[in-house]
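Trainee: Sequence:
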Amino acid sequence: MAGTSPPSKRPRIEFADLFVVNVGEASKPYRLPTKTFTMRSNFFKAALSSKWRTEDSAIDLKDVQIDHFETYVHCVICDEVDLIATPDTEAKTLAKLVDLYVLSDRMLDPETTNLVMDNLVRTVGESDYLPSDDLLSRIYRLATSGSPLRKLAVDWALHEWNEQPNDGKPEDNLPSELLTDLFREFRRLKNGNQNGKRTVDKVFALRADKRQKCCYHQHPEDSPKCK
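According to our numbering, the residues represented by the sequence shown are 2 to 228, in order.
The reader is advised that the hints may include incorrect statements.
Claimed, not checked - No more than 16 Å apart at the CA atoms, straight line, and that leaves these computed lysine to aspartate or glutamate pairs for EDC-like:
(1) K211 x E161
(2) K93 x D83
(3) K46 x D18
(4) K97 x E81
Note that these hints are calculated values from the structure, not bench results.
Modelling step: build the complete structure from the supplied sequences, incorporating the hints.
Mentor: Laid out in structure tokens, this is it:
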């Protein structure tokens, strides 16, 4: 007698109730399962429950790139990030992961932002690629103030930054907001170690992938932390 498979941890996708999203300048339509996406995204939950919306009207996301949206949809349905870095594509893959994080954050979807964050941290941790000033600038240009993604950028800059050769000063390539946050974090760490109990290496060489799992996550107040 064949054994039975263990029950899936993911809710079953129900296609009986669908809604339409028009994406990109070309307004490419996507028909998505309502229950699946409203359970993950508070943006879609609010948009579909709006009293000004008619039953069949589409949601417009014309300022979102189609490939970004398709990658986000894959994350929600499959609970995985379909972006794999190779030694030749690490910089491009990290940039795409940043874009995916920003879109997931815009969709008010903490489960997907956490999934993408884990991939960002792991990709850098498992490779020889160190965050560049271009990547740090991209994060600060796209992510909102106070975002865990910006916190990651500050930690990368302080603990793991790989300064790129350039004709000007390093700060010429970095946003002023990042430099301000970087100085504040440096001062916080320095003041917190005034008694000298920890060595400089322990204070200023703590890699992102060696921190607690929840360090860069978003969690609603009523949800449990990661184990």
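Trainee: Against this structure, judge whether each hint is valid.
Mentor: So, going through the hints one by one against the coordinates:
1. At roughly 12 Å between alpha-carbon atoms, K211 and E161 fall within 16 Å of each other, so this suggested pair holds.
2. Straight-line distance between C-alpha atoms of K93 and D83 comes to about 14 Å, which keeps the hinted pair within the 16 Å bound.
3. Distance restraint check for K46 and D18: the Cα-Cα separation of roughly 14 Å lies within the 16 Å cut-off, and the hinted pair is therefore satisfied.
4. Among the hinted pairs, K97 with E81 is consistent with the structure: their alpha-carbon atoms are about 14 Å apart, no more than 16 Å.
This entry satisfies every hint, going by the numbered hints stated previously.
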